[in-house]
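S.K.: Chains as they are written, first to last, in the numbering used here: chain A, 1 to 215; chain B, 1 to 224.
Please keep in mind that the hints were generated in silico from the structure rather than gathered at the bench.
One thing to keep in mind: the hints can contain errors.
From chain B, some residues computed to sit far from chain A (all C-beta separations above 12 Å) [as the list claims (entries may be wrong)]: (1) Ala-62; (2) Lys-64; (3) Thr-71; (4) Lys-79; (5) Gln-203; (6) Pro-211; (7) Phe-220.
Footprint (simulated), chain B over chain A, 3 or more residues, beta carbon under 8 Å [unchecked claim]: (8) 19–32; (9) 72–79; (10) 181–195.
Values in this document were obtained by computation on a predicted structure and should not be read as measured data.
Virtual Cβ for every residue (Gly too), placed ideally from N, Cα, C.
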Amino acid sequence: MAAKPIKIPVVSETEQETNTFLNGLWQQNPVFVQVLGMCPTLAVTNSAINALVMGLATMSVLLMSNILVSSLRYFIPRQVRIATYILIIATFVTAIDYVIQAVSLEIHNALGAFISLIVVNCLILGRAEAFASRNTVNKSIQDALGMGLGFTLALLLLGIIRELLGQGSLFGIAIFPENYENWIIMLLPGGGFFTLGLLLLVFNWLQQRDTENSQ
Amino acid sequence: MNASGDSSDKSLYSRMYRAFVGVAAICGIVIIVVYQITAPIIADNQNRALETAIYKVLPEVASKKEFYLNTAGSFVTEKLQSNHVIYATYDLNQQLVGFAIPAQGMGYQDNIQLLYGYDPTKQAVVGMQIIQSRETPGLGSRIEDDPKFVENFLRLDVRLNETMNSLANAIVLVKPGKKTKAWEIDSISGATISSKAVGNIIQQSASFWLPKITQHYKEFEFGS
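Could you build the full structure based on these sequences and the hints that come with them?
M.R.: Here you go:
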């Protein structure tokens, strides 16, 4: 999803590796703070399993592309870097697409075109450009794991809320009693927007409270 | 541009080419390796999904055989590139029990792919399974699992007319609970377009295949 340019804070070289990891998971969470990759976030989180697979697929692509981009960072001239990154990302997306088909055709069908659309997830290109192209392989792995896990957990949270309210189940297992009236809007795109909006509200409130406390 | 600029341009170009060719080579190798590893597993998965679907639409099946329709209008068992394929199914005594026929058509949001079972002795559709659909979750998606709707396809009359060239009665969609005839389908309220789409897909596919199957019936018997 093409979004307006977003300033991605670059982590300075001196910061600890654990910070790099936690940064993606919490302070700079791709979904709740950077608001990146909204297309899959809204589209495939109608069930927990879809959200989980999408998150893991994105994380694997991010990890592999970060590794390759950072190991080739002196080899790729700046003038052609974006085209090269896209080539690298597209390769790993194709690979992940095959892997998901091999693991489960059912999940592959449910996710549909959104697997191929990982190519245009700004999160991955954003991390390649802002982090992996300027940092060591080791740090890029930390960054990919942190950001990827942050993305996966955010998607999973949305998926859990939407599946629970929309179908009364979790990972396909019925949770609510049978006479629970399914809240179908939660499965439709509208429900995605509502849930994301509310979660962003909570996240911003938490961060604001943190800043006020630290002052 | 001066002479030194030219030479630095050249070195930049060669670095750009080197980067592209190098990265493309790495990417090519990655894709080939992953494809080689996953291709047999994916083919296996697809086969298993098809077999499960066939078993669901024709429960007494023990084995199946693919028949392709060639351009001359006759059935052959050699694999053809066309998607004009049906599966003849046999029971344990190698008796022909029916046909599993894949069909597809436009639904509310995207193509719906389904598989239905045809029983030639009953001249009826005896089962239907949605293979792939992207209908609205909770509404149109009920074509897959709404028990009342799925029941329509356990005995749906598709007998041919006397000249054996088209269905005697077109499949008709009626309002929920208003089904009175064997060739009618009760639609789902709240999923009218999706349920109508399923009816149309089967109607079109049955009018295409059933006259051909009846005409070539002997060719499908086991071993022939």
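S.K.: Under the constraints set out in the numbered hints, which ones does this structure not fulfil?
M.R.: 8
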